[in-house]
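This is what each chain is made of:
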Amino acid sequence: MKTKFSGMLTLFLAFVVQLSLAQEKTISGTVSDESGLPLPGTTVLIKGTTTGISTDFDGKYSLDVKPGATLVFSFVGYITKEAVVGASNTINVVMQEDATSLEEIVVVAYGTQTKQSIVGSVGIVSEAVIETQQVTSPLRALQGVVPGVSIITAGGQPGSNPEIRIRGFASVNLSQDPLIVVDGAPFNGNLNTISQDQIESVSVLKDAASSALYGSRAAGGVILITTKKGTKNSAPKVTIRSQIGISNPTVGIHNLATPEEFMKLTWQALRNTNQYINSQTPDVAAQNATAGLIDHLGYNPYSVANPIDINGNLVAGANLLWQSDWESKVLREDYLRTNHNISLSGGSDKTTYFMSTDYLDEAGPVVPSDFERISTRLNLTTQVNDWFKVGLNTSFSRSTSNNPDQTSGSTTQAISWIYGLSSIYPIYARDENGALHLDAGGNKIFDTGNGQFSPQPINSTRPVYGGENLLASLTLGKERRVRTNYLANAFAEIKLFEGLKFKTQLSYENYMFDSFSFDDDKIGAASNVKGRVSQERNLTTTLNAIQSLNYTNDFGRHGISIDAIAEAYTQTQDDVLSQGTGFLPGVTNLDGSTTPEAVGGNIISERINSYLGRASYNYDQKYYGEFSVRTDGSTRFSEDTRWGTFLAGGVSWIISNENFLSSSETVNYLKLRGSYGEVGNNRTANLFPYQSVFQTGFVNEGNSGILLEGVSDPNLRWEKVQSLDVGVDFEMFNGFLTGTIDYYNKESVDLILEKPLPRSVGTPRIVTNVGSIRNYGWEFAFNTNNFNTEDFTWTTGVNFSLDNNKFTKLPQEEIINGSKLWKVGNSIFDYFIRDWAGVDPADGRGMWFQDVLDDDGNVIDKVTTKEYADATRYEIGKSSLPDIQGGFTSFLRYKQFDLNLLFNFSVGSYLLDTDYSRLLNPFESPGENAHPDNFKAWQKPGDITNTPLLLASNNDHSSRSTRFLYKNDYLRLKSLTFGYNLPNRTIDRFGISKFRLFLQADNFLTWQSHKGIDPEQSFNGLTAYRSPLSKTITTGLILEF
Amino acid sequence: MKLYKNINRGFLTLIIVASVSFSCSKDFLNEPKNTAGLPEDVVFSDKEIVQSFVSGVYDRYKGQWDDNLTDGVNASNVDTGGLYAMYFARTVKGNDLIQGPSWFLFDYAHENREPGFRRTSFTWTFNYEIINYANVLIRGLENSDLDEATKKEFTAVGKALRAFHYFQLALEFAPNYNNDRNLARIPIYTEPATGASTGNPASPLSDVYDLIISDLKDAVQDLPNERLGKSYINKAVAQGMLARVLLVTQDDWALASQLAKAAYGGNATNAVVSSNWGAGFDDLTDQDWLWGHFQNGTSETNYFWMSPHVMMDHLTLSYQATYVNTNFRDLFADSDKRKLFVDYYEVSTPYREFITTKFEYTFACDVPLMRKSEMVLVDAEAQYHLGNEPEARNLLFALQQDRDPNATMTTASGQALLDEILIERRKELYGELGVEWFDAKRYSLPINRDPEHRVVVNIPADSELLYLKIPQSEIDANPNIDDSINN
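In the order they appear, the protein sequences are chains A and B.
Here the first sequence is numbered in the working numbering, starting from 2 and rising by one per residue.
Here the second sequence is numbered in the working numbering, starting from 520 and rising by one per residue.
Incorrect hints may have been included.
Said to hold, decoys possible - In silico DSBU-like cross-links for lysine-lysine, where the CA-CA straight-line distance does not exceed 30 Å:
no., chain 1, residue 1, chain 2, residue 2
1, A, K756, B, K670
2, A, K824, B, K858
3, A, K116, A, K238
Stated by the list, open to error - Anything over 10 Å on all C-beta distances counts as not near chain B; from chain A, calculated:
no., residue
4, T553
5, G557
6, T790
Source of the hints: derived by calculation from the structure; they are not laboratory data.
Note that CB positions come from ideal geometry on N, CA and C, so glycine has one too.
So here's chain B without its partners, still in its complex pose (with noise of 0.2 Å):
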């Protein structure tokens, strides 16, 4: 008896264990797995991942950015957002826009390079970042078993980001590249991070320069022109970027005028013709527009972040937050399209005297990066420096009267005719680029503002508010740079 109870306890125990327990097996464990995300491998595995790979960028430039997927600690901010709030932090540094107490107010008042600051961290990360992504697609290619068109294509993709990348590290983190070659202070990565990689000392700027032209001829030989969208690189934005960054090195002007004309089609006339103008400049599909964020106002929108019209636009609900100095205004003639200025808020103050209808701003605007218009200038000033004084005079005239129906054809010669078209650069481009911090410190110009501004700040030639410091943070954990850097 007692032996038939053990028994039976022993069976019940036995049902209970069987029905109960899991399979202990290797298997529990290797069930579950990352559905967080693709394994590197399988992303180059196949072409549309690939492409995939690449629209996380774009997506990743009109975004609003914190250093939380590369595992950092960066607070995303309204100025730190993207590409956009790039371009704009050097916008609000010139003497034509005014900024008022909002966002990018310390830019504005030329305060923001310090190594601790949030605008030198983001733009340095965020462009070593996209630099890392480049170098991950460069390297992924090469080691895939993908098909060899493919590898180009990408590739060349890959190195047009680098290279865009290093260009404005180059142009915001050093002084005029002229003024001195061999100055070191970007560190140059040509391979993906890993968890061994440790900092790279700083590298002359003439080294950086190299790498750039020679991804960016790389690029613009293995593009292909078709694209799924314009806010996606192809030959034309690789040339127009190979274009700038020789308006920069100015040591090649056939090339920069060659560039120039393939990216806008070689008829100035055709190629300045834009819808956007008085039309809230918010439609990527205008063939003016070369390159862009794209923005849908429902799944693909960033909400109030996207500069500049977010900063821009006063009659919607934004931060309203830039107004237009007097005499920039001043310097449109009454029947130019451009001119777009209101006396919005009839105040006495007289830095928000005018703001300016350029820019709409909706959930949906999609935001100008690079134009044909832009490219007919550079082709002019290219012209200029090829000492073709009639073909640059005729190229700006071409954007003059498609802008201007009483516009006259300009008579000046040498320096006045430059300047000339950098003012029409700054007239075509405002708001965009940041096109006078650009140009001054290309051509080492000063920018003095004028009493109207709510802070005035006059940059002299070659000053170093024109670039920032390196990070505290790159110093603190890059054995190869230390304070000196910055000294």
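Excised from the complex, chain A in its bound form (with noise of 0.2 Å):
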């Protein structure tokens, strides 16, 4: 009715206007996104007057126009458009959206600026881009999308947050994240509770000049999300999406022996072990081997009381009884995830709103592992009267995930029970013949290889893993974890006179963990307490204050931007823990326990006091400077050494805007730009780095206790990263391609290091400022437009970089790190390890390279022993760093169809797979699991194989070596979308103003170097027993009314 009306009126008034002034003519329209949708609040302009009017809320304009003259159609996000009035008095407009767009807004430190100011470097991700993703956790959506920015996502737990690191690894022994702000204020929640349908932007600053601002705790990077908002002027919209899919486990595990094949390799490992290492003849080798296998083993699974005879084969007629596959009983396939969301946006000519809802329902590759998640977004934004805004953005989230262990490496984690446990261990308990035992109700009972029915000889007592049964665990316990974060951040802006404002902004952040967890009464490791029940409470708030001040304006050719602002930010952790037992069957609550066992709890707190100023400058839109200092106070320090101030500056020189390029068709946008600064590191894992003190909570005979924790340096100060960028912007072939190229450097120094000292001293290390890190890279992102017409779009894009780090200062020569050697020249992440040498031939023992040294230390010879110990450490020249990562998209669209494709890749990297070897001669620890790759071990002398021989007793052929390192090189399609907008004539006759079905899959296919376990593991290159992540494909739609 409304449209009609409008339309009647514009005709009108067309009508009019043709008449008064016949030199002029009127021009009317419909300007549109590329999907259809009107784009209100367009800016329609009369090329070289000031003469324009914006588009209504359908999208509609009308104009008088003298013929001949061009109209420029402009909108943020969007590619300007001009059209030429002709003879038609009708000009439609499909406008393009703009990834590259110079004039784009882009949010930075403390304020907004137009890209092509900017002088330092920033990777955009725009809400397009996170759109084409399912990101439980919303960070994931930069994998492969911003060089530089590398993602590792360690385990399958739904809504696990990633590892984020920016530019490499700017710091050793503090934290390496970058930080997080939202909306402006440092965000010390759950990143798992914002939800991707609010995000608009997400803009992640790499270099000093960009992130000197928040120099306190920029040194990993910062990434600024900014929430959603209405538009002014334009009409309540509702945008519904629903989501509903499957998941299953990107890859697969290691292959695991079944029960026969494992009795057939014990038995030969036992049998090399009597006669190669206990001297027996073959014959009786082989005898106590078949003899003695089932007592090594605990449980025998078959039919008959020695099933593998003497020469290593199941006996005829033995029946296997039982078989555990682990494996199906704890990873799943075909898990579901179901997200919807609804959101209303809009605005009037002072006001504007953005409200969301999102519901996330989401299950993980291990039993029971989920997520669900409700979150809300209240956005709104007022302008009180010319020189006065205010606005409120708030934000609730509440998850609640059962979150069965996957990362830590204990017991009953979900894949380290599989790998340990053999399938000849019976999920439930049987009778030394094999039947089942049964309860008094007849249903079967866990079987927890700790001697439930002891005295039974066999089937009773396992030599792994006793007491517990990872199925009863995951589902007779609990592992419940919930999340509930507020967020509330108020500003108020005043313009005080043209050009100076003051913005004052008041954020608070409330962010509550609560964990409970419930050890079942009858089996595992809290029955004979009758059962645990832990409960975890964690407070984190945070209040962040910050006062501004702006003044911009341009003085002819001169413009000028100079801000002054001052940040008091206080974040206070207040945790309580209680912990009790003795619970009757079936009651689960910490009310229920007739014993408590532990109580405990803390408040602490910590704040930072920063000065701010930043003085920007440009001439001509040609030249650009920007300077900026920050200083910290940080209660992290001592007060001597509390204050860190941190400079830097850059500039950039458009020179596309000098004449002799401004006409070039080959160069359409070209800057330069190059940034140098300081940023700081306060991010200790302890509050109080700078104190050692007694810790309390000791107890003894019921007398309190305390002990000293480590020596500390009370003159600890901030460890800072220098940081220079140099970088080109450009676009050619009209739009054809555009691209950015960045270098840097970034030296970090006073790192804060743990210093090793000898363990004699009474503490192993002490942490204090000593070494430098280097990191330097090169970064490269490359986008070509390669058809654009009405029907038919189609763009790619291509971003990597290549990121080296190296140790320029250390306090001793050399620092052994597990795996890896510390010293100047290398990298964090430079395997140090024992050089496998192969099996040697005539006895099977394994070998590994080692040096022979003269009297003066020097290295005169390399030969090979068997002796693991004597074997000598090289560095192999191996990082698990990977050479060259990044990633590439297509987008394609035909019509109202459409495909967007995200791949992300990494080669050069290598992977310690330590969870391979623990299945590799597995039976020095009888009854641990084992891959089938062990029937290549040697067998007897003059067998050629790179496998030892199999040994049930003490040896090193699975330690750490060469041996298992393996070049971990991959490449995932992280995401694929498919989709089809229902055209605009359709759907108008419903009122509805877009109608979007799609198909999502997300990490639906990866391509590995090295397989059985997910390639995203850890940037150290070590293994932890990680379950895979998912690969989710879902159907979905989009309604927007």
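Build the complex from these two chains, which are given one at a time in their own frames, with help from the hints.
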């Protein structure tokens, strides 16, 4: 109805105007975006004049124009279009989104800038990029999108937050994480409480110039998340998105031996130990292995007493009584992911609003892991009068997840259990003949392998994981995590006079992490205390106040902008723990506990007080310069070393605005920029790292106890990163090719490191400022606009980075850090391990290389040794850091169909797969699971193989060496979206402005050089029985009206 | 009008600045305090807090040790959890008990002495950590304004702790003291660690033992008999510690006898009476017990960590890992109340023939660290060496007749008498302190394993298998110790 009326009005006006001004004519039309949605608020200007109009709610406009004039259509975030007025009275325009738009407003530290005016290196991820992915933790969307950003998500628990590193590893001991800032305020909650639909853009501040204003915590870079807002003068718009799909583990886990294979392999190991270690004759060794096998394992899944004969084969007539496929019991397939979202946005001429509610329910690969979240947001802004503006951004989120252990490495961690326990051990208790034990009610009883039915000579006591049963702890126990996040961010802006603005912003965040764990009262670790409930409630509150003054003005060709900012930040950690035992069956509340076991808690705060200044200048929008200074006082350092001052500056030159290039057809835009500056890091693990105190909470015979934690350096001071960035941004061939190239060099100095002390001193290390590390590399991003017609669009993009990491100073010449050697010139992640030299065909023993030294310690020869302890650890020239990583994208649209692909890749990193090595010759610890690759083992003198003989006695064959170091290259189709938008003419009839159906697949395909494990493990290249990530295929629809 | 408007804005700005901004003075940053613990000056300002530091050490003894507290990287493990684990690793090295393929299996197989191994690293780091606490205690008291009585008492505690752990280091990381008293393997520290600390060079064993003996003599002198509980060190415990040291040095049997007597109270017949035999060996209140770990099952429990009970008890949920050598079982007369052996599994595997019910595992089990009965046997041994064989026989019999009503006094003499005393030590102390290992080491005896064992390793006298190598982490970080120390 309304549409009709305004249409008539337009017609009427056109008629009147045409009558009165015969030499002008009235042009009208509709401005819409690529998907056919009207674009209200588009500016329509007559070129060369200031005459113009904005499009209305329906994207319509009408304007009196002289024939031959040019109309300029512009809208933030879209490519500006021009149209010459011809014979027709109607000009309809389809605006194209412009990811590289130079006039695009970019969120930067404490404000916004146009993309053109930025002097530093800022990676932008728009809503459009995030939309093509299903990321429960929203920053996973950065992977493969922004060059220089490394992301690893460890383990398949849904909702897991990725580890993010920007431009390498700027710190060693302190947090390397980027600072997360949401709508201008530092964020201390859990990222997975933010739903992806609320995010309008993410800015990644990579260099010093762009991040120095966050100086105190910007060493790992800064990620600014900006949430969506409404648009002024727009009708309420409702968007509904609904997605349902199924997930599966991305990749399978390592292969595992069947019971028969396992029995044969264990027999072989026993025989070898008898024969080669205990010097028994081959016959006796084999007989003893046959006779001792069941005793060794404690369980016999076969129907005969000695199932493996003296030749190592299964005896005839031996029937398998059970087989426990722990993998299929614990890892599931085809689990659900559901996501629904509804949002409402709009605005009057004074007020804008955005409201959103998102519901997500996602299961994970490990039974019964899941993640359920509801998150809501309301963003409101009101222009009270021409000089006073206020706003409130507020959000609430609550998630509940079942969180079975998938990453800790402990006994009841899912993958660890699957790898740790052979399939010969039954899930349910068996008697000595293999028949099921049943309880009084006739139900099966979980087998815990610690003599439940003692004295039962076999099938009662397991040599591994006694007292536990993973399935029992997963199904009878409970591991629940509840995260509640409330965020309020209020601001007021006062325009004091033209160009001078005062802004005050107060943000408060309340993040509550609630964990509840119940260990069963009948089975497992808490069975002899009748069950255990442990509850933890950790409250993190952050209060941040910012006062800022900004003056911006242009004087002729000189543009200046000056900021003066004061900030006060308080973070308080308030933790409570309570634990009790003694529960009746079926009771799982702490109230039901008859024996309190533990209580704990602490309230501790940290504060930062900061003063900041920024001045920027540009001449004729060609030459830009920016300088900033920040001084921070942090409670993490003593009064004497508390304050750190960080300076940064940058310049840029828009060469394409110079006369000699301005008319170039080849180069449409060219910008050179460079920046240098310092940022700091105070993010120590401990809030008072400069004090060593006596910890409380110890107890002996009812008397309270305290103990001294290690020694501390009272003069500890800020760790600093000195960072250089040089970059070029360009656009060529009329927008066909756009790109950015950056070189960076960051040197972290005064590294807060653990300086190793000899253990005999009584404390193994001290945390102090020693050492420097350098990160440097190249980043590239190119986008091409291959086709762009009314019906067909095809764009492609590729981005990648080459990152390097090197120590430049250390407290001592060499520090061995696990499998890595830290020394000047090496990276944090250069492997330093023993070098596998293969298997001696004569005796089947594994060999490693060993340097022979002369009396002066010089290497004079290299030999092989069979003693692992004697083998030399070498710098083998391999690292867990990739040589190159990045991603590529392709977007295709044909009429109403679109297809978006995003790949990410990593090349050149090495993985030390100890998940796999554990499965190779595990027989020294009876009962641990084995890989079928053990059949490749050496059997008799003369065998040529790379797998040493199996032994049931202590040996180092599977110890850390190059034998288990694998190239970990991978390419992953991270997201695939195939969509169909119903044509406007169809949906108009239903009063709908958008109707989209789509299919979305995340992590759908993975190509990897080393199989059996998810390629995303850890930056240091070590494995830890992590469950694989999920690949998810969903179908969804978007409805907008 | 315009002016008015601007003033209005300015006023509003002022109000907002005043109401929202925080006091940006020094106070804002000085207010937060480290609530995670107590600074050193507070600790040494009050006797009660000093006492709690000592209590903390005993918690550490019986805890689930890792070196996170001191910012290290060693993870906690059942076989390296505390003092009890160090002792149990010694226990499984003998012939009398057999460890199944469970925790401590590498100690049992004598495969656990290399510089990179967990055992080596734990035993070294744990003992030195406590030595540093002792040094912090001694120096902190010295620099404090506490009263002299307090200083004297707790300095004595500090010295007892320091000596006890240097003694453990000397036992674990060096061969028999009397074979080469000048051998340098153990660095000595008598000052607290600071950030400037570098590693000291290894000192000759004689220096280490001189420090141990002098510290313990001071402790015996200054420690009171009163204590907060039997998990604390008092005068009697210090006497017992020094008596044990003298069993190793074997150069002052008179003092050994005197100290042992003082520790058990002088009356052997009364001293050996124990309520724990047949009752699970888990009760600290037994008059026989001089010193032990305390657990209450709830707020003070170590869960499934507390050896020997958690390893040796087969009748309850635990590791059920330790078996008894049949031949050891046969040493006991049927009427001996210590003959607590059961053919529980009724299997034919030789090593699994017998288990013992000496130790009953619960979350509340206490663990013996020193008993009067041991001291009576120390006295007997000392009397033997002093040439007083009748008294040695009397003391031995005092214990034997309490344990076995049918016991008769031995008539042996000379080496045979000493052998009987050593056998009695094994029968009385099995599972507790690694008595076979300790005696083999100090008397340079072999440990030969019977064929019944799961892993048969025979240890010749003075074998290097009786001590650990110096950990690689020490060699890497200590400028005064290099790889040659392990040659």
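List of violated hint numbers, smallest to largest: 1, 2
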